[in-house]
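Construct the complete structure from the given sequences, taking the supplied hints into account.
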Amino acid sequence: MASAASAAVHHRVEVGGLFASLWSHRHYILSGAVRELRQRYAGSGMGVLWHVVTPLTQIAVYFVVFSRFMGGRGSGAYSAEAYAVFLCAGILPWFVFADCVTRGTTALLANESYLKKLAIPEAVFVAQTVATSGLTLGLYTVALMAVALFNHIPVRPTWALIPVVLLLFLGLCFGLALILATVTVFFRDVTQIVSIVLQVWFWLTPVVYHETALGPRLTAVMTWNPPTAYILAVRRLLVDATVPGPGDWAWMTGLALLSIAAGASMLQRLASDLRDAL
Amino acid sequence: MTSRPLVQVEGLGKRFKIYGTPWERALEWVTAGRVHRHSDFWALRDISFSVPRGECFGVIGPNGSGKTTLLKVLSRVLQPTEGTFHVDAPSVYSLLELGTGFHPDLTGRENIKESARLLGLPPEMLRDGVVEEMRAFADIGDFFDRPLRFYSSGMHVRLGFALFAFLKPDLLVVDEALSVGDIFFQQKCAARIEALREAGTSFLFVSHDMEAVRKLCREVLVLEAGRMAFLGPSSEAVNRYHSMVFRGRPPRGPILHERQPDLRAGMTAADVRRGNILRPDGHRHGDRGLEVVAARLTDLDGHDTLTVGMKETLHIDLLIVAHESVAQPSAGLVVFDRLGTLVFSAGTGNLGHRLPALHPGDSLVVRLSVTFSVQPGKYTFNVGTAELGRVHDWHERLGPLEVFHEGTGPPPFHGLAELPMVSRHGPVERLEEYARQPALVGAAPGRSELEIEEGRGPADGEKAEGE
Chain A
1 MASAASAAVH HRVEVGGLFA SLWSHRHYIL SGAVRELRQR YAGSGMGVLW
51 HVVTPLTQIA VYFVVFSRFM GGRGSGAYSA EAYAVFLCAG ILPWFVFADC
101 VTRGTTALLA NESYLKKLAI PEAVFVAQTV ATSGLTLGLY TVALMAVALF
151 NHIPVRPTWA LIPVVLLLFL GLCFGLALIL ATVTVFFRDV TQIVSIVLQV
201 WFWLTPVVYH ETALGPRLTA VMTWNPPTAY ILAVRRLLVD ATVPGPGDWA
251 WMTGLALLSI AAGASMLQRL ASDLRDAL
Chain B
1 MTSRPLVQVE GLGKRFKIYG TPWERALEWV TAGRVHRHSD FWALRDISFS
51 VPRGECFGVI GPNGSGKTTL LKVLSRVLQP TEGTFHVDAP SVYSLLELGT
101 GFHPDLTGRE NIKESARLLG LPPEMLRDGV VEEMRAFADI GDFFDRPLRF
151 YSSGMHVRLG FALFAFLKPD LLVVDEALSV GDIFFQQKCA ARIEALREAG
201 TSFLFVSHDM EAVRKLCREV LVLEAGRMAF LGPSSEAVNR YHSMVFRGRP
251 PRGPILHERQ PDLRAGMTAA DVRRGNILRP DGHRHGDRGL EVVAARLTDL
301 DGHDTLTVGM KETLHIDLLI VAHESVAQPS AGLVVFDRLG TLVFSAGTGN
351 LGHRLPALHP GDSLVVRLSV TFSVQPGKYT FNVGTAELGR VHDWHERLGP
401 LEVFHEGTGP PPFHGLAELP MVSRHGPVER LEEYARQPAL VGAAPGRSEL
451 EIEEGRGPAD GEKAEGE
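Protein chains in written order, with the numbering used here: chain A, 1 to 278; chain B, 1 to 467.
If you're looking for bench data, these hints aren't it; they were derived computationally from the structure. All figures in this text were calculated on a predicted structure; none of them were measured in a lab. Ideal Cβ positions, reconstructed from N, Cα and C, are used throughout, including at glycine. All clues given are correct.
Subject to a maximum C-alpha distance of 30 Å in a straight line, what follows is the list of computed DSS-like cross-link-like pairs (lysine-lysine):
1. Lys116(A) <-> Lys188(B)
2. Lys168(B) <-> Lys215(B)
3. Lys113(B) <-> Lys116(A)
Facing chain A, according to a computed beta carbon distance under 8 Å, are these residues of chain B, among others:
4. Pro22
5. Ser75
6. Arg76
7. Leu78
8. Gln79
9. Asp105
Here is the structure:
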């Protein structure tokens, strides 16, 4: 056993080792993320613009449904203009979260041919899907601020903290993607399960309505639901110009670190069988 | 420092767990391994060897014997189940599959850069000069700057090898890389590997190509069903391999032109032109004072062909035309094997055959009849004319010419080429005479008549009958 362990040393994936291997492949991760982003709509007339058009359409639909037909029940105390911004601040990060989890789940399977032939660390491919999402999120952040200005919300110094929150959010995405990508290699059904869970998850997260709109019991669920904290933080920084308290920051940072650590240790534990199962 | 081997492998084993359904794995996970539902498959077991610095170490064995699994473990793609290995090299590259990282929408140039990132190479490894060298080596012309979607599979492989050929690793892991591309590219790859070896690169080399193994490697490991069947000098290892597997050779190749066989002893200029194999755009050098305008290859039945059985003869007819006065013309042939080794080179001058002096406008058909007493495989050849050290006209990289072994019996010989060999034996005697008088062992037997029977190669026998 001791000898097997020493041979396995080369593959040890700890959080520190994880980031070291990601750093040494940073050029590949970034160029792959940019390529992926370009190719998703390659050959289409509007190209990268589709990344923005698709979520904006959805925002328009939710806006009409919630603020007109449902008599503003979801929007709470907000005016129609503020609700539009409110929606954007929820849906755009959620889009990235859902995209990241969905594609992260298949990140290792999709790169099977590389993993079976090259000694490249597994986490690199997961990081690449998260980096793609990160670029999209950057694009969305710009769109988000544009929508805010368009709806007469003044530029505020608190906006500078939005990228920090989103970066922590991407950390959570990366950790979840690591866990799901690893498990999916062994159990392919996870891909289907994830797409179902995400639909329910969407409605358990205060994306299109205020976090208190569904009554006290569901409010508690939402409080503990990981993406909630990040979405609320973005919303407050953007619309209300309030900075999250130290407890919120600790919670967001802790969630991100915990999910990455869980993903790294999962990968480390299963690494010896992972490529055999591909 | 140098006494430490580059690669040290001890008791290495790799087990694959085989599950019937995903539920069986789930059950093992849920019970933390207390329930056993998988069956084990040991792809490798008890493998130990070491590779000194600067050496080329070969791994051979039948299909499914674990060669690729071994390379994958040593390249750190797969983790070993037991045993240890140590690779003491800062840079190790693996050609497990050429062009694995290639993307169809990127150009050849972009793909080379992308692959370098995939391998985690620092960007300065791919300065423009190096990329240009790779471009020249791949030799795919304008395609280098076109998307890979438009590439043929051969171009794909050329690009893949070009990338690795210009990195300078301490250890290069090669899996069947020499069996890719056409024979001209294979010769180029073999030359490149030789150059890397001289520059100090070590190799771990897996191949079914026994000649490549014998030529490149000093020590070879023979695997059989995941176990070590033999470890030792390459020539002995290759013999073990041959005795382990016997594979039938491919049947005779197609006849090039369906035409009435031409059985005349010689050919006219028009005959040679009719079956000309020289291409106007081929590789050629010389000042062409004495030009080879056509060449034709026929077998003994008069069929045009580029395939020939082991120890069978081909006629190579050359039509040469003088554009100036040539007092002592000579025509000749050069043959290379697929690794670019010069197998044979001779001209009419070497044979003591003097061709007549030629004047401007004269033409002459020269027939070179060559018996291919070489091992089966693909060969390239050059034909040309010369005169006292001056090259007149050489056509290069012709072929490939395929030499095959027909039938299911053992080939008439192993190795690069046949040396004329005769075997004889004496009468059968009783051993007791020697047993009683051990001092006599080694002394000449009292019989004078040794030659009772003898064996010769069939070619020699035919010649003897013909004389």
